[in-house]
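4 protein chains.
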Amino acid sequence: MSGTETKLVEQLVTANRILANEGIVDVFGHISVRSERNPEEFLLSVSRSPAAVRAPDIQRYRLDCTPLVEIKEKHYVERVIHGGIYQARPDIKSVCHSHSDGVLPYAVSGETIRPVIHMGTLFWEGIGWFDRYDPDGNLLVSTPSEGKALAESLGNRRAALLKNHGSVVVGESIVAAVMAAIYLDKNAQIQMASAIVGKPVFIEPEMGKIASRVFHSPLVQERAWGYWVARLPKGWESDAGLG
Amino acid sequence: MSGTETKLVEQLVTANRILANEGIVDVFGHISVRSERNPEEFLLSVSRSPAAVRAPDIQRYRLDCTPLVEIKEKHYVERVIHGGIYQARPDIKSVCHSHSDGVLPYAVSGETIRPVIHMGTLFWEGIGWFDRYDPDGNLLVSTPSEGKALAESLGNRRAALLKNHGSVVVGESIVAAVMAAIYLDKNAQIQMASAIVGKPVFIEPEMGKIASRVFHSPLVQERAWGYWVARLPKGWESDAGLG
Amino acid sequence: MSGTETKLVEQLVTANRILANEGIVDVFGHISVRSERNPEEFLLSVSRSPAAVRAPDIQRYRLDCTPLVEIKEKHYVERVIHGGIYQARPDIKSVCHSHSDGVLPYAVSGETIRPVIHMGTLFWEGIGWFDRYDPDGNLLVSTPSEGKALAESLGNRRAALLKNHGSVVVGESIVAAVMAAIYLDKNAQIQMASAIVGKPVFIEPEMGKIASRVFHSPLVQERAWGYWVARLPKGWESDAGLG
Amino acid sequence: MSGTETKLVEQLVTANRILANEGIVDVFGHISVRSERNPEEFLLSVSRSPAAVRAPDIQRYRLDCTPLVEIKEKHYVERVIHGGIYQARPDIKSVCHSHSDGVLPYAVSGETIRPVIHMGTLFWEGIGWFDRYDPDGNLLVSTPSEGKALAESLGNRRAALLKNHGSVVVGESIVAAVMAAIYLDKNAQIQMASAIVGKPVFIEPEMGKIASRVFHSPLVQERAWGYWVARLPKGWESDAGLG
Numbered sequence: 007m008s009g010t011e012t013k014l015v016e017q018l019v020t021a022n023r024i025l026a027n028e029g030i031v032d033v034f035g036h037i038s039v040r041s042e043r044n045p046e047e048f049l050l051s052v053s054r055s056p057a058a059v060r061a062p063d064i065q066r067y068r069l070d071c072t073p074l075v076e077i078k079e080k081h082y083v084e085r086v087i088h089g090g091i092y093q094a095r096p097d098i099k100s101v102c103h104s105h106s107d108g109v110l111p112y113a114v115s116g117e118t119i120r121p122v123i124h125m126g127t128l129f130w131e132g133i134g135w136f137d138r139y140d141p142d143g144n145l146l147v148s149t150p151s152e153g154k155a156l157a158e159s160l161g162n163r164r165a166a167l168l169k170n171h172g173s174v175v176v177g178e179s180i181v182a183a184v185m186a187a188i189y190l191d192k193n194a195q196i197q198m199a200s201a202i203v204g205k206p207v208f209i210e211p212e213m214g215k216i217a218s219r220v221f222h223s224p225l226v227q228e229r230a231w232g233y234w235v236a237r238l239p240k241g242w243e244s245d246a247g248l249g
Numbered sequence: 007m008s009g010t011e012t013k014l015v016e017q018l019v020t021a022n023r024i025l026a027n028e029g030i031v032d033v034f035g036h037i038s039v040r041s042e043r044n045p046e047e048f049l050l051s052v053s054r055s056p057a058a059v060r061a062p063d064i065q066r067y068r069l070d071c072t073p074l075v076e077i078k079e080k081h082y083v084e085r086v087i088h089g090g091i092y093q094a095r096p097d098i099k100s101v102c103h104s105h106s107d108g109v110l111p112y113a114v115s116g117e118t119i120r121p122v123i124h125m126g127t128l129f130w131e132g133i134g135w136f137d138r139y140d141p142d143g144n145l146l147v148s149t150p151s152e153g154k155a156l157a158e159s160l161g162n163r164r165a166a167l168l169k170n171h172g173s174v175v176v177g178e179s180i181v182a183a184v185m186a187a188i189y190l191d192k193n194a195q196i197q198m199a200s201a202i203v204g205k206p207v208f209i210e211p212e213m214g215k216i217a218s219r220v221f222h223s224p225l226v227q228e229r230a231w232g233y234w235v236a237r238l239p240k241g242w243e244s245d246a247g248l249g
Numbered sequence: 007m008s009g010t011e012t013k014l015v016e017q018l019v020t021a022n023r024i025l026a027n028e029g030i031v032d033v034f035g036h037i038s039v040r041s042e043r044n045p046e047e048f049l050l051s052v053s054r055s056p057a058a059v060r061a062p063d064i065q066r067y068r069l070d071c072t073p074l075v076e077i078k079e080k081h082y083v084e085r086v087i088h089g090g091i092y093q094a095r096p097d098i099k100s101v102c103h104s105h106s107d108g109v110l111p112y113a114v115s116g117e118t119i120r121p122v123i124h125m126g127t128l129f130w131e132g133i134g135w136f137d138r139y140d141p142d143g144n145l146l147v148s149t150p151s152e153g154k155a156l157a158e159s160l161g162n163r164r165a166a167l168l169k170n171h172g173s174v175v176v177g178e179s180i181v182a183a184v185m186a187a188i189y190l191d192k193n194a195q196i197q198m199a200s201a202i203v204g205k206p207v208f209i210e211p212e213m214g215k216i217a218s219r220v221f222h223s224p225l226v227q228e229r230a231w232g233y234w235v236a237r238l239p240k241g242w243e244s245d246a247g248l249g
Numbered sequence: 007m008s009g010t011e012t013k014l015v016e017q018l019v020t021a022n023r024i025l026a027n028e029g030i031v032d033v034f035g036h037i038s039v040r041s042e043r044n045p046e047e048f049l050l051s052v053s054r055s056p057a058a059v060r061a062p063d064i065q066r067y068r069l070d071c072t073p074l075v076e077i078k079e080k081h082y083v084e085r086v087i088h089g090g091i092y093q094a095r096p097d098i099k100s101v102c103h104s105h106s107d108g109v110l111p112y113a114v115s116g117e118t119i120r121p122v123i124h125m126g127t128l129f130w131e132g133i134g135w136f137d138r139y140d141p142d143g144n145l146l147v148s149t150p151s152e153g154k155a156l157a158e159s160l161g162n163r164r165a166a167l168l169k170n171h172g173s174v175v176v177g178e179s180i181v182a183a184v185m186a187a188i189y190l191d192k193n194a195q196i197q198m199a200s201a202i203v204g205k206p207v208f209i210e211p212e213m214g215k216i217a218s219r220v221f222h223s224p225l226v227q228e229r230a231w232g233y234w235v236a237r238l239p240k241g242w243e244s245d246a247g248l249g
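Protein chains in written order, with my numbering: chain E, 7 to 249; chain D, 7 to 249; chain H, 7 to 249; chain Y, 7 to 249.
Source of the hints: derived by calculation from the structure; they are not laboratory data. Predicted, not measured: the structure shown is a model, and the values here were computed from it. The beta carbon of each residue, even a glycine, is placed where N, CA and C say it ideally should be. One or more of the hints may lead you astray.
[Claimed, not checked] Simulated pairs of lysine-lysine, DSS-like, Cα-Cα distance not exceeding 27 Å:
| # | chain 1 | residue 1 | chain 2 | residue 2 |
| --- | --- | --- | --- | --- |
| 1 | D | Lys205 | H | Lys169 |
| 2 | D | Lys240 | Y | Lys240 |
| 3 | E | Lys80 | E | Lys215 |
| 4 | H | Lys205 | Y | Lys240 |
| 5 | H | Lys13 | H | Lys169 |
| 6 | H | Lys169 | H | Lys78 |
| 7 | H | Lys240 | H | Lys154 |
| 8 | H | Lys240 | Y | Lys215 |
| 9 | D | Lys205 | H | Lys13 |
| 10 | Y | Lys205 | Y | Lys215 |
[Stated by the list, open to error] The following label-pair restraints were derived from C-beta to C-beta distances:
| # | chain 1 | residue 1 | chain 2 | residue 2 | range |
| --- | --- | --- | --- | --- | --- |
| 11 | E | Val83 | D | Thr149 | 33 to 43 Å |
| 12 | E | His222 | D | Ser151 | 37 to 47 Å |
| 13 | D | Thr149 | E | Val235 | 29 to 39 Å |
| 14 | H | Pro45 | E | Gly204 | 24 to 34 Å |
| 15 | E | Arg60 | Y | Ser223 | 17 to 27 Å |
| 16 | H | Val235 | E | Thr12 | 44 to 54 Å |
| 17 | H | Glu46 | E | Gly232 | 27 to 37 Å |
| 18 | H | Gly204 | Y | Ser223 | 47 to 57 Å |
| 19 | E | Gly204 | D | Lys215 | 43 to 53 Å |
| 20 | H | Gly204 | D | Asp137 | 56 to 66 Å |
| 21 | H | Arg237 | D | Thr72 | 23 to 33 Å |
| 22 | E | His222 | Y | Asp97 | 34 to 44 Å |
| 23 | D | Thr12 | H | Ile77 | 51 to 61 Å |
| 24 | E | Arg60 | Y | Arg43 | 46 to 56 Å |
[Said to hold, decoys possible] Sample of chain D residues facing chain H (criterion: CB under 7 Å; computed from the structure):
| # | residue |
| --- | --- |
| 25 | Ser200 |
| 26 | Ile216 |
| 27 | Leu225 |
| 28 | Tyr233 |
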């Protein structure tokens with residue numbers, strides 16, 4: 007249980023369901039949020055498919071990924087992704103790890119995702135590349151050293167690809183992280199289709215930096231969040247207030 | 007509120023939902039209609055996702071994009087697209103701006119969409135190309151000068167692409183604009199797939215001009231509109247009569 | 007109204023809805039059946055989107071496409087496709103004309119659809135190609151001479167492509183025609199994807215001829231029909247018994 | 007009827023519906039399970055679309071594919087796929103045969119599916135290739151000799167492609183076979199998209215062997231199964247307890 011941060015837990019549950027409904031996560035993938043009352047802790051579900059996450063599933067972890075409360079259920083082994091990034095990036099409040107269909111071809115081929123549409127300008131600073139799995143690794147980011155290496159690959163950027171695996175995106179809020187996950191996938195899909203049609207013209211960083219600002223405005227974030235919530239199947243938002 | 011044009015407002019609300027349901031708009035995108043009682047005004051929602059637009063959201067604007075009534079809610083910053091086109095094109099009654107998946111690869115690569123299927127002959131006059139964003143631009147068409155430049159790029163045509171951004175289509179009625187938005191996307195998708203399969207054969211303008219006529223017949227427009235309305239999820243059409 | 011052939015009308019209505027639900031037809035496209043009581047007549051809806059067709063919409067036409075009963079509603083202008091084929095092909099009981107997404111890239115590029123999967127062996131005899139639109143044509147097959155020319159392009163085969171337009175498939179029954187429409191589209195889709203992945207290996211006609219037999223067995227046709235009916239949205243089959 | 011193995015029958019029914027809902031099977035395709043009380047027998051539905059399979063449809067077969075109980079309904083002619091593999095692979099408890107869209111392009115082109123994403127490491131041992139249809143064959147695997155040849159093509163692997171036809175996957179349980187069917191398709195789709203984007207980097211067998219282990223953990227299998235069950239349309243799981 008998450009203590010007193012009821013509102014944040016509720017939003018995190020909804021974020022799980024949005025990401026499932028928008029096809030960003032499926033059996034696997036997870037999103038976390040940094041605690042508001044203690045920035046040295048973060049909130050993340052126990053090991054669950056995001057579509058099935060409910061408020062009581064949300065756990066509280068220290069940044070070294072040890073849980074504050076012992077539970078019988080399993081933790082995500084990849085929670086080191088979250089802990090590693092929260093340690094390296096004090097500016098970041100939410101982390102999402104996924105393997106969405108639009109992004110995977112880039113994680114598999116090693117080609118770079120670059121902004122081609124307005125929403126893609128969120129990534130005007132470029133995209134990190136992680137392939138420093140432990141030598142005896144299993145393609146999961148499951149050890150503290152892998153979590154640390156991933157945070158280094160991410161650097162100051164908003165997203166990184168994980169070789170043959172997926173992506174991680176970060177945001178200044180849950181909404182910002184959800185938006186980054188959805189728009190990284192969308193930009194990737196359009197980039198691929200553009201390469202079929204002709205030659206994609208990338209948006210230059212200077213333009214991208216300016217163009218991306220609109221996605222940080224509360225008005226636009228609320229509009230987007232409201233849209234994603236409205237698309238949830240009936241009942242999917244109904245448990246979100248528990249906690 | 008829109009004054010006395012209840013029927014037109016109702017149709018505009020339905021158009022918003024059709025475009026959302028057919029995947030032409032998502033969080034973003036908008037459709038407007040020129041007022042019937044005063045051609046120097048147009049109707050457009052406040053800043054909303056099209057799926058969420060209801061009759062009370064519809065506002066009345068002068069062609070310079072100033073609202074007739076002051077409201078607390080935000081206006082679309084891109085309403086200059088609509089105002090600019092209504093000024094330049096007295097023949098046009100409805101304008102739709104979107105970023106649909108089929109069209110974006112062409113807006114990104116700079117390749118041209120050309121008619122390859124019957125529905126695509128709506129665009130037998132060709133497609134405009136807009137890239138004259140303001141020098142300090144943010145990839146939005148948000149200033150009067152950008153709106154004017156976009157209208158020039160459109161010229162006398164039915165559609166224009168906006169570089170790295172999306173498209174605008176116009177029509178002699180709401181139904182015609184919705185049809186143009188849906189069929190521009192469809193033609194673009196088939197054109198891309200045709201280029202994978204072989205070499206697309208384009209429909210020549212003379213043939214296209216003749217072939218396009220059927221889409222202006224009231225019978226066909228009603229059939230299409232009825233089909234799109236029937237596909238709306240239960241309840242989506244139920245608010246459309248408000249106003 | 008269709009006179010006494012209630013069962014056939016009911017099946018034709020269901021076929022319209024199946025084709026709509028499986029994405030083979032949308033605003034446009036139509037399926038007809040030869041009358042059982044008089045092979046010189048066929049049954050076809052008035053001008054309607056297939057998803058909206060109900061039993062009272064089904065009309066009776068002579069093979070020259072004149073209606074037996076005068077009505078106020080409009081007829082499909084392309085009903086000459088049906089009349090032309092029923093005249094040329096006494097073996098055929100059902101005709102379907104559509105513009106499905108999988109097939110269109112071949113109609114646009116002029117590339118041939120050839121059997122690559124088991125269901126595609128229905129087309130082991132090859133696919134016809136029609137491009138003999140009237141000189142002042144509008145890309146519709148709307149005159150008796152175009153209907154006749156299309157039937158010639160079809161020849162003894164089960165399917166033909168219409169340049170920049172779509173396809174026509176035929177069957178020994180409504181079920182057979184629906185199956186042909188769905189599997190022509192599926193084979194086309196897989197053929198395209200196979201060409202992306204590598205080089206498609208086509209199924210030779212001798213093998214195809216044998217392999218196709220299973221799709222003419224009543225057991226398999228019933229299984230397929232039952233599957234498509236079960237996939238109809240709730241309520242879509244409920245009007246099918248009217249008439 | 008299946009005698010006393012009620013739980014297993016129930017799980018097999020659910021597996022049929024999951025595979026239908028996830029787009030792995032449609033009109034055709036089937037999944038079986040080896041009997042727990044007698045490993046010389048297996049359970050499989052009568053000839054039905056998987057979406058329509060109910061507990062009373064499940065039959066009991068000897069490994070030579072003769073049914074234990076005579077019934078009026080038809081058996082799948084391709085049940086020799088199941089019998090052939092159960093004979094050759096005592097380690098295997100479940101077999102699934104399908105023609106999913108992601109896999110077919112590889113079965114058509116003869117290109118190999120190789121692991122490119124984590125889920126694809128289930129196939130780290132490679133994929134078999136079957137093209138030894140009987141000389142007078144019909145592209146079905148319908149004779150005992152074809153079933154035996156297919157089992158040989160499969161070898162000790164988890165999956166094999168059937169030329170111009172589809173695939174077979176095997177598992178140590180129903181859940182494992184369902185997972186293999188879904189992830190073979192997913193890996194194939196991403197492999198194709200990766201080849202469009204750039205050049206896919208395959209996961210080497212040593213890495214794949216280690217990375218695949220997580221998919222055999224009960225925790226992960228339960229999470230996946232629970233996710234697929236939760237996605238079933240309302241009512242689809244409600245018959246699953248019959249038997």
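- Message: Taking the earlier hints as the rules, which of them does this structure contradict?
- Response: 3, 4, 5, 6, 7, 8, 9, 11, 12, 14, 17, 18, 19, 20, 21, 22, 23 and 24
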